[in-house]
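Keeping their order, the protein sequence lines are chains A and B. So the first sequence is numbered by this note's numbering: it starts at 1 and just counts up by one. So the second sequence is numbered by this note's numbering: it starts at 1 and just counts up by one.
For the record, the hints were derived by calculation from the structure and aren't laboratory data. Please read all numbers here as calculations on a predicted model, not as lab measurements. Backbone N, C-alpha and C fix where the C-beta goes; we use that ideal spot for every residue, glycine too. Incorrect hints may have been included.
[Stated by the list, open to error] Over 10 Å on every C-beta distance to chain A, these chain B residues come out as not near it, computed from the model: (1) Lys5; (2) Leu8; (3) Asp30; (4) Pro38; (5) Arg46; (6) Ile51; (7) Ala53; (8) Ser54; (9) Ser70; (10) Pro75.
[Claimed, not checked] In silico negatives: residues of chain A with every beta carbon more than 12 Å from chain B: (11) Glu23; (12) Gly44; (13) Lys77; (14) Ala94; (15) Cys112; (16) Arg129; (17) Ala181; (18) Gly182.
[Claimed, not checked] Here are the simulated DSS-like pairs of lysine-lysine, each with C-alpha atoms no more than 27 Å apart in a straight line: (19) A:Lys111 - B:Lys40; (20) A:Lys77 - A:Lys111; (21) B:Lys67 - A:Lys111; (22) A:Lys77 - A:Lys194; (23) A:Lys111 - A:Lys194; (24) A:Lys269 - A:Lys198; (25) B:Lys67 - A:Lys194; (26) B:Lys5 - A:Lys198; (27) A:Lys41 - A:Lys77; (28) A:Lys131 - A:Lys77; (29) A:Lys111 - A:Lys41; (30) B:Lys67 - A:Lys77; (31) A:Lys198 - B:Lys67; (32) B:Lys40 - B:Lys67; (33) B:Lys40 - A:Lys194.
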Amino acid sequence: MYYIQPHYHGISRTTEDYQRMAESGVVAVGEPSFWAGFDRKHSGTFIDYFRQISEFEPTRARAYGIRHFCWIAVNPKEADNLTIAREVMSQMPAFMDAPTVLGIGEIGLNKCTRNEMAVFREQMEMAIRLKQLVLIHTPHMADKLRGTHLTLDLLRELNADPARVWIDHVEEHTIRPVLDAGYWAGMTLYPQTKMSPKRAVDLLEQYGTERMLVNSSADWGPSSPFTLQQCAARYQELGHDQQELLDVFYNNPVRFLRQSPHFDLPEIKLAYSKP
Amino acid sequence: MNDHKVTLDIDYLDCRCMVLELAAALDRLDRATAGNTPDKRLQTLRDAIAILASSTASPDRTQRMLKLMSDPVTPVSE
Chain A
1 MYYIQPHYHG ISRTTEDYQR MAESGVVAVG EPSFWAGFDR KHSGTFIDYF
51 RQISEFEPTR ARAYGIRHFC WIAVNPKEAD NLTIAREVMS QMPAFMDAPT
101 VLGIGEIGLN KCTRNEMAVF REQMEMAIRL KQLVLIHTPH MADKLRGTHL
151 TLDLLRELNA DPARVWIDHV EEHTIRPVLD AGYWAGMTLY PQTKMSPKRA
201 VDLLEQYGTE RMLVNSSADW GPSSPFTLQQ CAARYQELGH DQQELLDVFY
251 NNPVRFLRQS PHFDLPEIKL AYSKP
Chain B
1 MNDHKVTLDI DYLDCRCMVL ELAAALDRLD RATAGNTPDK RLQTLRDAIA
51 ILASSTASPD RTQRMLKLMS DPVTPVSE
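One chain only, chain A, in its complex shape (with noise of 0.2 Å):
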């Protein structure tokens, strides 16, 4: 089996996780711009830490044989700090032709402040201006629904084409209206206290697989880079063949990341799909 992991913070994990992640049939990795585990205080850490993602983490993934690609963007957990981020995106175009850049990402909100929906729209612009793809964070626990609607409401306002965005961390109350826009949907696997490898089987059973992306939980927080290889597990368990399997865990990341000038993986199509 062969996976690609679409959204995983290497910065916040050790390296025994590419390792282990090699193991178990992984093959790429994408790491969006994220918070560093704290606030930072100057532009110029951000700056930095977009070189960190866009030029060392891939050499940390190499030595273990995963592509590793990321995402720049001021995260929508600082985002309410104007000052800093509209220094930090001034830079952003910058990074854009690098090799390992899939676009920009993750932006969106986190408390749903007016200072977050600012910086979610400029980075918006830009993505659009710029031809990127774009990754968008909802918010966790009670403010998801909201924060669904608000993006879903500034998308359709900035007339963003819904084939090259994706919604991330989606749950069982925002996924509809994310798929019906024609939009794609993310969902993160959690091993406790938010979505679950089993309740995102159910999602893709109900739902269907196409522009469905799963992804482990891999942060600062209580996560792990396998709650992946678990949801495919259980899909098996409940009858999927392998060729459904690589479609969701490694075909479906390929097709919307290949919209990327820089992602270069190929489609698997297997010769049988029966074991």
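Starting from the known structure of chain A, fit chain B onto it as the hints suggest.
Structure of chain B alone, referenced to chain A:
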């Protein structure tokens, strides 16, 4: 999509474990009498358990529980 019996065979032990964990957590709360003041989170849990126990023609308990636990959909905050 699996049939009813196969699905129950696969999930029964996990479900049994989860409802026992929930019962134990509520028992723990009942035993913790010190500082017992009204807390809307407890009512949210009781409302969620009512959804869990409901018989429904449409299998949407998860979605209804998540909506129960969601903030109202309103414009952006200051």
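Verification of the hints:
| no. | hint | result |
| --- | --- | --- |
| 1 | Lys5 | holds, 14 Å |
| 2 | Leu8 | holds, 13 Å |
| 3 | Asp30 | holds, 23 Å |
| 4 | Pro38 | holds, 19 Å |
| 5 | Arg46 | holds, 17 Å |
| 6 | Ile51 | holds, 12 Å |
| 7 | Ala53 | holds, 18 Å |
| 8 | Ser54 | holds, 16 Å |
| 9 | Ser70 | violated, 4 Å |
| 10 | Pro75 | violated, 8 Å |
| 11 | Glu23 | holds, 26 Å |
| 12 | Gly44 | holds, 29 Å |
| 13 | Lys77 | holds, 15 Å |
| 14 | Ala94 | holds, 30 Å |
| 15 | Cys112 | violated, 6 Å |
| 16 | Arg129 | holds, 23 Å |
| 17 | Ala181 | holds, 16 Å |
| 18 | Gly182 | holds, 21 Å |
| 19 | A:Lys111 - B:Lys40 | holds, 21 Å |
| 20 | A:Lys77 - A:Lys111 | holds, 8 Å |
| 21 | B:Lys67 - A:Lys111 | holds, 17 Å |
| 22 | A:Lys77 - A:Lys194 | holds, 18 Å |
| 23 | A:Lys111 - A:Lys194 | holds, 17 Å |
| 24 | A:Lys269 - A:Lys198 | holds, 25 Å |
| 25 | B:Lys67 - A:Lys194 | holds, 14 Å |
| 26 | B:Lys5 - A:Lys198 | holds, 17 Å |
| 27 | A:Lys41 - A:Lys77 | holds, 13 Å |
| 28 | A:Lys131 - A:Lys77 | holds, 24 Å |
| 29 | A:Lys111 - A:Lys41 | holds, 19 Å |
| 30 | B:Lys67 - A:Lys77 | holds, 23 Å |
| 31 | A:Lys198 - B:Lys67 | holds, 19 Å |
| 32 | B:Lys40 - B:Lys67 | holds, 16 Å |
| 33 | B:Lys40 - A:Lys194 | holds, 20 Å |
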